[in-house]
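**Q** Chain residues, written in single-letter form:
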Amino acid sequence: MAVSRDDVRHVAALARIGVAEAQLDALVTELSGILAHMEVLVQVDTTAGAADEPAGMPLAADEPGSVPLARAREDGAPKMRDGFFLVPRLATHDDGERSA
Amino acid sequence: MTASLLAGAAAGIAAAVQAGTATAVALVAESFRRGREVNAGRDGLNAFVSSDEDLSRALAASAPCGGPLAGVPVAIKDNIATTYLTTSCGSKMLQGYVSPFEATAARKLREAGAVLIGKTTMDEFGMGSSTEHCAFGSAKNPIDPTRVPGGSSGGSAVAVAAGICPIALGSETGGSVRQPAAFCGIVGVKPTYGRVSRFGLVAFASSLDHVGVFGRTVDDAALALEVIAGPDTAHDATSAVRESPALRHVARDLEAMIIGLPREYFPASLSAEMRDRCDRAIAALRARGAEIRHVSLPNTALAIPAYYIIAPAECAANLARFDGVRYGVRIDGDGLVGMYEATRSGGFGAEVTRRILLGTYVLSAGYYDAYYRKAMQVRERIRQDFAAVFASGVHALFTPTTPTPAFRFGERSDPYAMYLSDIFTVTANLAELPAMSLPIGRVTGLPVGGQVIAPKFAEADMFRVAYALEAELGQAAHR
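Chains as they are written, first to last, in my numbering: chain A, 1 to 100; chain B, 101 to 579.
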């Protein structure tokens, strides 16, 4: 199934990755080329003898605990203040302030 | 004396440190001397993305001297969290990032007395088969620096193959330990899914990711795996009941063992030289008492298409966390969404971007059933293929690890051609089986590996086959 320039724009927006117009054609070619090799899956009949869910393995109890840290989280984050991660303002915040 | 010790077995190093005839500090110094030697000049191997001799000497000075890896220098892939040195995953996105917590596998090595000497070169976030997709430069194959060392754990394989350290940690999603082990002429092990904790391994595709080990010999790899395996209360997807297996005292003969040869792994396209090295290994298995049986895994041809649907889908979800807020770099843009897009397009390289887009596409409305759901159904068929063969009485399988020896830099510029490097290894990840590669000879002067695959949690049987094959082949494994 060949992908289009619009498909690439759409999935790039979903994935929050900025893709320049100049990159689109190359990505269309690459993704279409890769997906062409996946078409073989469509022909596989998976209706007969539908797979049972695998039994899995015994797992530990789902009891979350805190991770011991050698350094503060601030060390790994781009910007923090008062224990909060700082992000740029959303446009909607600006709208909210104007209407208030 | 320290140089010859470092060139020997990990168990020998630990015994010398335990006995007080060698020190961890001297071993670290020798390891860094060897590292500088192989990194010099145009053909420098570039095994590490970060290392610090003063730091490693300090770690060595305080390392416990009584453990099974006392004083053993170890290299760790750059996507396994350590509180010293970077955990940058070979990516600009995490350039310079130092983790505030330590991966369980890294902690277990440290507690066993091993000393971290560096974080190793890797394809960005584990996506690649050559280390050509590392943001900080490729590692080179020690046997022929014009060729790739394999990937994504290429730097770890290089560190061991070049004699910088006897043991290294890597990670696997589709063959990223076994393929570079084969290309560099060493041993690489992917344990059963759930055998080794993934706590602190930066996630690429969580249902396929594993922590694995490299060793110069089967015994070095067994020792390392014994140390890092076992339950972990910090990681719920690690088996809670499978204690670390005893691997180093398994029988060295193969009497009463049945080893299967899946015909799909010996295609007509396999070169005559590669087939010859495999035949020699199969003869060695017979000589040690194994019964050889021809078997079939009929869905093998579907493994690469299924893998390259499932892995990118999981990658698209896992890598959503790199948004310029919680970790790593931030590139300012127009508002919050603009910052996300600028950070992610500037932080991720071409292959990671391609896989995130591919994964997002196959999960998006209208394509989920055609691609992702179908791939998951095929994955179950691949699992059932293996289950049927093992249920028929076969104890382990033998295959070539890769179709070819190491290729040249730039030779596989087409993404799908690169993906085919993993054709014999991805199945064990899809089926969650233990698998390992060990040297079986050289083709056109380059190392090639033989792969042993065993049923889930049957690492002891897998190592029994590997020990026997290594012993029977002797020096022929490197010719």
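The hints are simulated quantities; they were obtained by calculation from the structure and are not laboratory data. All figures in this text were calculated on a predicted structure; none of them were measured in a lab. Mixed in with the good hints, there may be bad ones.
Said to hold, decoys possible - Stretch-level coverage of chain B by chain A, calculated; a stretch enters the list once three of its residues show a Cβ under 8 Å from a Cβ in chain A:
#, stretch
1, 418-428
2, 471-480
Stated by the list, open to error - Ranges between beta-carbon positions, derived for each pair:
#, chain 1, residue 1, chain 2, residue 2, range
3, B, GLY141, A, LEU90, 50 to 58 Å
4, A, LEU90, B, PRO367, 50 to 58 Å
5, A, LEU86, B, GLU137, 40 to 48 Å
6, B, HIS578, A, ASP25, 28 to 36 Å
7, A, ASP25, B, ALA571, 31 to 39 Å
8, A, LYS79, B, ASP376, 57 to 65 Å
9, B, ALA158, A, LEU69, 40 to 48 Å
Think of the CB as a built atom: it goes at the ideal place given N, C-alpha and C, for glycine as much as any other residue.
**Q** Taking the hints in turn, state whether each one holds.
**A** Structure-based check of each hint:
no. : hint                              : in the structure
1   : 418-428                           : holds (count 7)
2   : 471-480                           : holds (count 6)
3   : B:GLY141 with A:LEU90: 50 to 58 Å : holds, 52 Å
4   : A:LEU90 with B:PRO367: 50 to 58 Å : holds, 55 Å
5   : A:LEU86 with B:GLU137: 40 to 48 Å : holds, 46 Å
6   : B:HIS578 with A:ASP25: 28 to 36 Å : violated, 47 Å
7   : A:ASP25 with B:ALA571: 31 to 39 Å : violated, 55 Å
8   : A:LYS79 with B:ASP376: 57 to 65 Å : holds, 60 Å
9   : B:ALA158 with A:LEU69: 40 to 48 Å : violated, 21 Å
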